[in-house]
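Protein chains: 4
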Amino acid sequence: MAKAPSAKTPGLETSIQTLGAAKIPSPLRYGRYVGQDETLELRLTEEEADVSAGPGVPFKFEKAGPRGAMYFDSSKVKCAIVTCGGLCPGINDVIRAIVMDAHHNYNVASVIGIRYGLQGFIPKYGHDIIELTPKNVSNFHVFGGTELGSSRGPQAPDEIVDALERMNVNVLFMIGGDGTMKAAANIVREIQARKSRISVIGIPKTIDNDINFVGRSFGFDTAVEKATEAIACAHVEAVGAFNGIGVVKLMGRESGFIAAQATLALKEVNFVLVPESPFALDGPGGLLDQLEHRLSTRHHAVIVVAEGAGQHLCEASGRTDASGNPVLCDISSLLIARIKEHFKARAMEATIKFIDPSYIIRSVPANANDRVYCGFLGQNAVHAAMSGRTGMVVSRLQSRFVHVPLELVTMKRKKLNTASDYWRAVLESTGQEEMPQQG
Amino acid sequence: MAKAPSAKTPGLETSIQTLGAAKIPSPLRYGRYVGQDETLELRLTEEEADVSAGPGVPFKFEKAGPRGAMYFDSSKVKCAIVTCGGLCPGINDVIRAIVMDAHHNYNVASVIGIRYGLQGFIPKYGHDIIELTPKNVSNFHVFGGTELGSSRGPQAPDEIVDALERMNVNVLFMIGGDGTMKAAANIVREIQARKSRISVIGIPKTIDNDINFVGRSFGFDTAVEKATEAIACAHVEAVGAFNGIGVVKLMGRESGFIAAQATLALKEVNFVLVPESPFALDGPGGLLDQLEHRLSTRHHAVIVVAEGAGQHLCEASGRTDASGNPVLCDISSLLIARIKEHFKARAMEATIKFIDPSYIIRSVPANANDRVYCGFLGQNAVHAAMSGRTGMVVSRLQSRFVHVPLELVTMKRKKLNTASDYWRAVLESTGQEEMPQQG
Amino acid sequence: MAKAPSAKTPGLETSIQTLGAAKIPSPLRYGRYVGQDETLELRLTEEEADVSAGPGVPFKFEKAGPRGAMYFDSSKVKCAIVTCGGLCPGINDVIRAIVMDAHHNYNVASVIGIRYGLQGFIPKYGHDIIELTPKNVSNFHVFGGTELGSSRGPQAPDEIVDALERMNVNVLFMIGGDGTMKAAANIVREIQARKSRISVIGIPKTIDNDINFVGRSFGFDTAVEKATEAIACAHVEAVGAFNGIGVVKLMGRESGFIAAQATLALKEVNFVLVPESPFALDGPGGLLDQLEHRLSTRHHAVIVVAEGAGQHLCEASGRTDASGNPVLCDISSLLIARIKEHFKARAMEATIKFIDPSYIIRSVPANANDRVYCGFLGQNAVHAAMSGRTGMVVSRLQSRFVHVPLELVTMKRKKLNTASDYWRAVLESTGQEEMPQQG
Amino acid sequence: MAKAPSAKTPGLETSIQTLGAAKIPSPLRYGRYVGQDETLELRLTEEEADVSAGPGVPFKFEKAGPRGAMYFDSSKVKCAIVTCGGLCPGINDVIRAIVMDAHHNYNVASVIGIRYGLQGFIPKYGHDIIELTPKNVSNFHVFGGTELGSSRGPQAPDEIVDALERMNVNVLFMIGGDGTMKAAANIVREIQARKSRISVIGIPKTIDNDINFVGRSFGFDTAVEKATEAIACAHVEAVGAFNGIGVVKLMGRESGFIAAQATLALKEVNFVLVPESPFALDGPGGLLDQLEHRLSTRHHAVIVVAEGAGQHLCEASGRTDASGNPVLCDISSLLIARIKEHFKARAMEATIKFIDPSYIIRSVPANANDRVYCGFLGQNAVHAAMSGRTGMVVSRLQSRFVHVPLELVTMKRKKLNTASDYWRAVLESTGQEEMPQQG
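Protein chains in written order, with full-length UniProt numbering: chain Z, 1 to 439; chain D, 1 to 439; chain G, 1 to 439; chain A, 1 to 439.
In case anyone wonders, no lab produced these hints; they're calculated from the structure. Using N, Cα and C, we set each Cβ at its ideal position, and we do this for glycine too. Some hints could be false.
When the alpha-carbon atoms are kept at most 25 Å apart in a straight line, the in silico PhoX-like pairs for lysine-lysine are as follows [unchecked claim]:
1) Z:Lys60 with A:Lys78
2) D:Lys63 with D:Lys412
3) G:Lys23 with Z:Lys135
4) G:Lys23 with G:Lys76
5) D:Lys195 with D:Lys78
6) D:Lys60 with G:Lys60
7) D:Lys60 with G:Lys63
8) G:Lys415 with G:Lys182
Some chain A residues flagged as far from chain Z (calculated, every beta-carbon gap over 12 Å) [said to hold, decoys possible]:
9) Asn139
10) Lys195
11) Asn367
Full structure from sequences and hints, please.
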């Protein structure tokens with residue numbers, strides 16, 4: 001390895017690992033090259049990164065883009081793509097962009113698709129490999145989900161590197177969430193230990209938009225669009241009954257970005273509940289009290305609840321899922337039960353309609369905005385790989401594409417800042433009062 | 001009343017009640033009048049009506065449409081509209097069409113909207129009344145649900161007729177399902193007992209498409225369109241995991257029309273389960289066996305289950321809901337539990353994704369096809385009322401609009417004929433084998 | 001040929017040609033067979049067929065569906081599919097259904113796709129042939145248009161039959177409009193002259209919905225849905241300017257079905273102009289006069305004009321296009337010019353926005369309703385072919401699928417009956433007055 | 001006026017005019033106030049601003065947001081909103097946000113809507129005024145266009161200020177394009193000359209995305225989404241014919257942002273033509289040559305052309321429209337004529353389908369992303385006005401909302417930088433070669 005990772009505690013400069021010196025001229029047809037070590041200084045907002053040094057500290061990131069010199073002789077390169085974790089709009093667009101760019105710009109020897117996430121590297125699962133060509137990926141963007149299949153959970157890094165070596169893969173593109181980026185870091189360590197020459201480039205994927213140092217994760221915009229459709233339905237249901245209450249559960253295990261953004265996009269939400277803002281159900285000013293007031297005056301209400309909200313209200317199961325995430329308690333069921341109980345005790349008529357649109361939100365094809373974004377992510381991932389970068393992800397921050405070390409993006413999850421102008425606008429849009437946090 | 005209801009046991013002639021002789025010239029601007037007693041002979045298919053006399057017996061129905069002579073002096077008429085039961089695409093289109101036709105064609109004195117279903121007639125609920133004018137209903141079609149609000153369950157017919165008399169209502173349009181049509185019949189009886197002169201016209205609403213003598217209920221087409229979107233998502237989810245299983249629960253308490261039609265519309269469904277076709281879960285050829293075979297060969301599957309399917313597999317609760325319908329057992333939870341158990345016992349990996357899109361399906365605005373249909377239903381309801389008809393519903397059968405006595409539509413619910421070409425095509429589309437009915 | 005075509009002048013019985021006796025048992029897995037010569041009596045409405053014998057005369061049609069006995073040994077059959085003329089939603093669904101049914105139900109040897117319409121049969125064009133399999137057509141329904149490509153205009157029947165014989169094709173499915181159905185009849189005659197044993201089955205395609213004896217042509221419903229979106233935009237544009245006029249040109253060379261249905265579906269149209277109803281531009285009660293009145297009182301207006309409307313107002317060019325259809329004069333340009341002139345002369349402000357959505361309407365994928373319909377058309381076409389039928393089309397009339405001889409469907413085009421209840425409802429929806437026909 | 005406008009030649013600091021000292025405590029319920037003169041330093045990219053000082057020079061902008069102290073006693077304030085120029089998705093969302101924020105946050109006395117653009121101020125047009133309340137704007141976001149109506153062209157500033165004074169308006173919100181922002185500057189000058197105390201706040205609107213110092217104009221994202229639908233149809237049409245050519249004309253008088261972004265979003269475009277990149281039609285490497293090559297190898301092509309592209313190829317008319325913009329020559333007609341001619345001369349079959357979706361693109365309701373954006377624009381416009389700012393617009397740059405002096409945004413139009421990474425990616429997506437600029 002040419003450089004050791006020097007990602008200091010957040011702040012200042014970030015540095016990207018490379019496999020070695022880039023000496024081979026780039027074959028790009030539409031060339032405007034970025035300088036080999038060109039950087040960009042950005043002062044990040046609280047919505048872009050949660051950093052210990054506090055907001056506003058300037059960061060220097062390496063600029064993404066094609067370099068004039070390559071580390072690999074691209075025409076001899078074999079690439080592999082793997083998709084891990086839950087679905088998210090745009091995965092197929094990223095795959096397509098990687099394949100198109102690798103073939104059309106760099107004329108690579110081959111791009112293969114690993115089936116069903118990290119399982120696809122492990123012989124015992126017996127999954128096949130797909131050769132990905134410009135022809136067979138040309139319609140990928142029409143379909144939601146991942147054409148490669150996915151799976152959750154880790155696999156042994158040494159078995160994965162064994163597989164990469166066995167297949168003569170030079171570049172591995174990993175599309176996945178927090179867990180996948182951590183797995184990527186482990187794979188990079190294993191590759192380094194073997195003094196192997198394989199580049200690992202991450203493209204962070206999270207429908208929750210909670211990856212640190214990623215401005216807005218791909219698919220988020222599409223997810224919000226679909227979420228507003230579900231909220232519109234909840235509103236129609238709420239209005240359609242006397243004291244009708246529409247409850248919509250949205251994704252957001254540890255952060256309420258989708259819930260917040262969808263609330264801003266559709267002005268029909270009266271209460272929005274997110275993990276970052278613990279709330280009281282009972283007592284004056286608690287959710288039930290505010291809801292009762294709303295129904296008494298307006299006779300309908302819409303509640304949007306992120307799946308990770310209100311975990312302080314229910315007992316933790318202590319279990320974790322296949323990806324290692326804690327199993328959340330079912331806040332929406334709790335809410336519904338408590339709301340029913342509350343109005344029954346007051347002999348107030350109230351009708352609750354519950355909508356859980358999660359699989360409908362995450363499995364649709366990307367919208368135009370996300371497609372453009374995914375295209376750039378895929379292209380820049382290929383550029384980074386060909387120039388010999390490794391152990392990094394491609395990210396967009398303040399409309400620019402940059403390289404971010406894996407260490408930074410996996411350090412912690414990004415959360416909504418409930419003291420921000422953004423969250424203030426969300427509350428304003430709902431009209432809900434700040435709720436006491438103990439009840 | 002001029003005529004007694006003479007709806008004989010299904011077959012032959014149907015006859016419609018009137019309030020009295022129609023002697024006042026009609027003010028219609030775009031006139032082509034239907035003869036006062038003009039009828040139409042139709043041989044109904046099994047998908048249109050479930051009749052004891054068997055399919056193919058010709059029925060004579062009174063034709064819908066404007067008559068040259070009216071019973072009411074329309075310019076002095078006050079109409080009321082009430083919407084009952086669950087939401088369905090197109091309710092607002094029917095309301096809009098009634099208001100527009102009553103005002104523009106018949107120049108009626110007033111159309112009022114009753115709030116929150118039959119509750120709106122009962123003083124103790126304290127709901128207000130809305131004056132409906134061409135201006136304030138002009139955008140109703142843009143919104144799903146019902147702008148009047150709805151509620152479930154019956155109210156005392158005498159209190160309802162008291163309210164109608166108190167408000168000087170001459171014509172009551174009732175938009176609702178099976179229960180509402182039975183309520184309409186009771187209201188008609190009360191009106192007759194009082195020798196009152198109020199016309200009651202029903203517009204049958206059911207997202208399940210299970211009303212007898214209604215070819216395809218309004219909103220059904222829109223519901224199927226939305227259902228296919230959910231199925232498409234289930235397919236994407238199923239394909240995205242190894243041995244992925246997408247389960248979609250669709251409306252259909254006693255009949256599987258939506259499940260069947262959506263299956264035909266989106267060719268990704270592998271198993272469709274409807275109330276009319278009891279199926280075995282266990283044993284050779286049972287659902288679990290077929291599903292295991294499907295996963296072993298194709299590694300993904302989509303199951304569509306109507307909410308009323310497989311009730312023989314779980315114990316009845318004996319309870320009924322506010323509308324008097326039996327509370328169904330939760331077949332989808334049972335299915336999911338049994339599928340998980342089955343594959344766990346076989347140590348086969350299997351991932352289940354469950355989608356319940358019901359509120360998303362029923363609360364969207366109507367599509368173009370349903371809008372045209374709802375427009376004709378509303379107009380013909382007004383025509384029927386002005387000519388003095390009562391105790392009947394407006395229905396479309398074989399592309400014609402006809403009057404059907406309340407007695408006929410409430411006699412029994414329409415069901416899928418599982419011996420029909422239609423159901424055969426559904427099975428063919430899935431590739432599923434006939435399942436043994438005991439397991 | 002076993003039977004001579006006996007399609008009498010409209011009325012009574014229709015009879016279908018066959019290649020010979022059906023003696024081979026059918027292999028159908030989901031069997032409920034239709035009787036070999038089973039017929040169905042239908043009294044057609046004016047919207048379904050324009051017949052010289054007048055509406056209401058009962059017709060006997062052969063029922064569509066699988067027969068217990070086949071003429072062909074299906075496992076040895078080679079089928080070909082060709083798509084001709086302009087695009088229409090659902091073509092790919094019909095292709096898909098034919099391929100799926102031929103393979104899955106009848107286990108045919110091969111289905112080939114002819115490229116670019118009838119050109120694909122003619123060696124000089126050099127187009128290739130596509131083998132169509134359940135696998136490669138499985139996603140066809142996701143895409144609009146025709147995956148086979150199309151072309152306009154006739155090719156020599158003997159060259160086509162040469163090609164069929166050279167490729168050993170036993171069954172030819174022709175998806176196309178009026179001209180294509182006439183070409184099909186010529187091909188049948190050529191096959192008969194050669195005493196060849198090739199079945200030719202038509203699936204009538206016309207976005208104008210003007211094929212006689214076809215209740216509603218496939219794709220029509222989708223086209224109307226898209227047309228309403230364009231009309232909604234025209235309405236927004238009209239409202240957005242003082243005396244704003246939105247003009248939308250819709251398909252409809254000789255019949256105004258799309259214009260009429262879209263007008264009923266979206267209640268924002270103030271004037272609808274169709275070929276069947278010649279109208280005066282000038283003079284009292286003419287379009288310009290009514291439009292002026294509308295603007296003076298409401299300050300915005302939406303006009304929907306079928307492309308074939310008002311041809312009496314402009315000089316015929318005398319030319320014909322590649323399909324042999326007369327080149328229409330450009331009524332929308334004429335309208336716009338005359339409207340501008342009219343209001344300029346009166347010094348009335350008026351802003352015209354013109355929308356021509358035709359290619360956007362016809363190239364989208366089919367909606368759920370059309371998909372179900374196309375599925376049945378394709379399946380029934382295969383059933384008809386396997387039983388040895390030829391020289392016929394598959395049609396849906398009053399919710400039933402039937403066989404109709406080519407002679408009947410090509411005799412004349414279906415038109416809107418401007419004296420019908422349907423057209424009355426269209427006028428009522430717009431509020432436009434009957435216009436004098438000379439101006 | 002408290003401060004003179006000090007907007008220096010681009011670069012460094014921008015300064016915002018105020019009506020006077022802000023001394024009244026703000027009534028905000030969801031308060032986190034921005035410092036009275038808080039600024040933000042941003043280094044703008046070429047896509048955000050075209051500045052003579054060159055890209056990368058840091059700019060200091062005043063931060064948008066609520067201030068703790070107000071200039072106006074908001075409860076006595078009367079606001080007016082006017083919408084000018086062509087339609088664009090999101091106008092109604094901005095109106096709604098202004099009304100909601102003014103009423104709910106600042107409890108203003110009144111917000112009125114001026115009808116039909118600047119005409120609405122001029123008595124001779126006789127347009128009425130609309131009182132805008134939270135209730136009557138609550139559904140505005142459902143509709144495209146502008147509920148206030150619009151018009152093009154200037155009106156005399158003194159007459160406008162007369163009207164403002166006559167109606168006791170304290171704050172005027174102007175939603176419009178380049179011309180409207182220039183009109184706003186004139187109105188501010190007239191107000192200053194009269195020493196009047198009226199605040200004028202602009203919200204820049206342009207579907208072309210060509211306003212300087214505005215990162216991405218509202219509605220642009222929605223417009224691109226709709227544009228891709230038209231391109232998808234053009235692709236289907238192109239593929240549906242042998243040597244099919246789909247031509248789509250998109251908005252973009254002087255800048256090709258929509259064309260470029262839509263090309264990136266839908267990977268089916270083969271040639272994209274924008275005003276910023278003059279191209280040769282003829283000669284080697286010219287458009288016709290490249291198109292011929294494409295058809296010879298792939299047999300279909302999609303061309304996207306911005307309306308202002310290729311103006312060097314046709315003679316300027318010298319005329320201007322009502323807004324003072326030069327009337328463009330019709331490049332799409334020229335293109336189509338020359339393409340037909342070219343292939344006719346070569347006896348190559350070629351079928352051209354032309355789609356002009358402009359009114360369909362600009363009149364749809366905003367998507368979720370644009371709705372959120374419009375909400376912030378409206379809120380920040382109200383905040384700016386209440387604190388006494390004037391002569392400025394609200395803009396989003398690099399995810400932050402800032403105040404920009406009218407002088408800066410009207411100085412020149414923003415254009416695509418054809419040397420940028422962005423444009424390179426566009427070309428790469430099409431595969432088109434750089435064209436010679438003289439042909």
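Non-conforming hints, listed in increasing numerical order: Of the numbered hints, 1, 3, 9 and 11 do not hold.
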